[in-house]
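**Student:** Each chain, letter by letter, is given below.
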Amino acid sequence: MELKKIGIAGTVESSDISIIIEPTDKGGIEISLQSAVMKQFGRQIKEVIEETMKSKGVKNATVRAVDKGAVDFVIKSRTLTALYRSADIDEYKWGE
Amino acid sequence: MVKLRRTMMYVTGNNPANIMDAHLYGSDSIMFDLEDSVSIKEKDAARFLVYNALTTMDYGDTETVVRINGLDTPFGRDDLEAMVRAQPNVIRLPKTETPEDVLEVERIIQEIEEKVGIEVGTTKMMAAIEGPLGAMNAYEIAKSSKRLIGIAIGAEDFVTSIKTTRSSEGIEILAARSQIVLAARAAGIYALDTVFSDINDDEGFINETKLIKQLGFDGKSVIHPRQVSLAHEVYTPTDKEIKNALRVLDAIEEAERSGSGVIALDGKMIDGPIVDRAYRVLELAKATGVYREEDQNE
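Chains A and B supply the protein sequences, listed in that same order.
According to my numbering, the first sequence is numbered sequentially starting from 22.
According to my numbering, the second sequence is numbered sequentially starting from 1338.
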């Protein structure tokens, strides 16, 4: 998946996470995260974001995330939404 | 045991907190909405969220329903692609006007089932009737597909399209409600009522629930957890109703034993419909947990 522009998804409401993905040419996937549960879950949240991006073949991007207690499937959903918006694609591949 | 559909709670498809908690309030069904409660700009986000919720969360015995966008919008087809794969118990069609509306969705569902290897027919459907044309076609809609488990009335759109407004008595939707109950019963599927919008008016909600129960509906949509127990209470048979139902069945048994052709209880003749109603009361009582078969022998 080729990222073309800034992709934004999610909110800062309880149980949600706000994700902003910006395309870059190099430097891998760089994630800056704010979370009230940073000490306990920070690493896991970053892992879910990174795995979701890699599953779509994204290698380079800057991600800014503000977490409000989102569980894994919410993090994954918001990351996917931001990715598709960033890539400007509205043909989805469900079930992959 | 009879499947209860007394309450179907609306859950906005783009709200993670509600999506995670929805099944904790005891409604018989939860309906994740991708349609009216999700803004045009968030349709993609809601679809991802509901898809991942359904493929991740365990909603236990609570029936899961997803209301998709109509096929006349740019979102309906994608909603189906995602939801048939996610396999909620039921996919709800909005604004159904003709049996062709149902068949068109069914055709796409079948196509996706075949494509992804889901047994054809697995995905169940429910059709919401929200306009006068749909109400006129209610029976044709209700019997249009074996996948349909029920038809529902959506009153907000309905009253607007017949040029009126909603009242607390609901006289303006009486004709449509009646039409929908008749159609559902004739087709052998569930009849489901619309929402009651004022979450602070418990008395109004209870009165409306009593009305739709009396009309023959199986249950109604709810928009707030506090409405769940209120509706369930209305649908729970009273001790008196249960005792009466048991007496009817005892009288039948006694008449069969004695070979008597005419059955009477308290001086009134008992015939087929009364017996059917007694069975229905006991089924509902069993399903709601207020009566067990073994209680009868105690």
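Be aware that one or more of the hints could be misleading.
Claimed, not checked - So, partial list: chain B residues that the calculated Cβ filter (under 7 Å) puts toward chain A:
id	residue
1	1381
2	1418
3	1454
4	1616
Unchecked claim - Covered, in the sense of this in silico footprint (three residues per stretch, anywhere, with C-beta under 8 Å from a C-beta of chain B), are these stretches of chain A:
id	stretch
5	28-36
6	68-77
7	82-95
Please keep in mind that the hints were generated in silico from the structure rather than gathered at the bench.
From the three backbone atoms N, C-alpha and C, an ideal C-beta is built for every residue, glycine too.
**Student:** For every hint, state whether the structure bears it out.
**Tutor:** Hints, one by one, checked against the model:
| no. | hint | result |
| --- | --- | --- |
| 1 | 1381 | 6 Å, holds |
| 2 | 1418 | 5 Å, holds |
| 3 | 1454 | 10 Å, violated |
| 4 | 1616 | 43 Å, violated |
| 5 | 28-36 | holds (count 5) |
| 6 | 68-77 | violated (count 0) |
| 7 | 82-95 | holds (count 5) |
Hints 3, 4, 6 from the earlier list are contradicted by this structure; the remaining hints agree with it.
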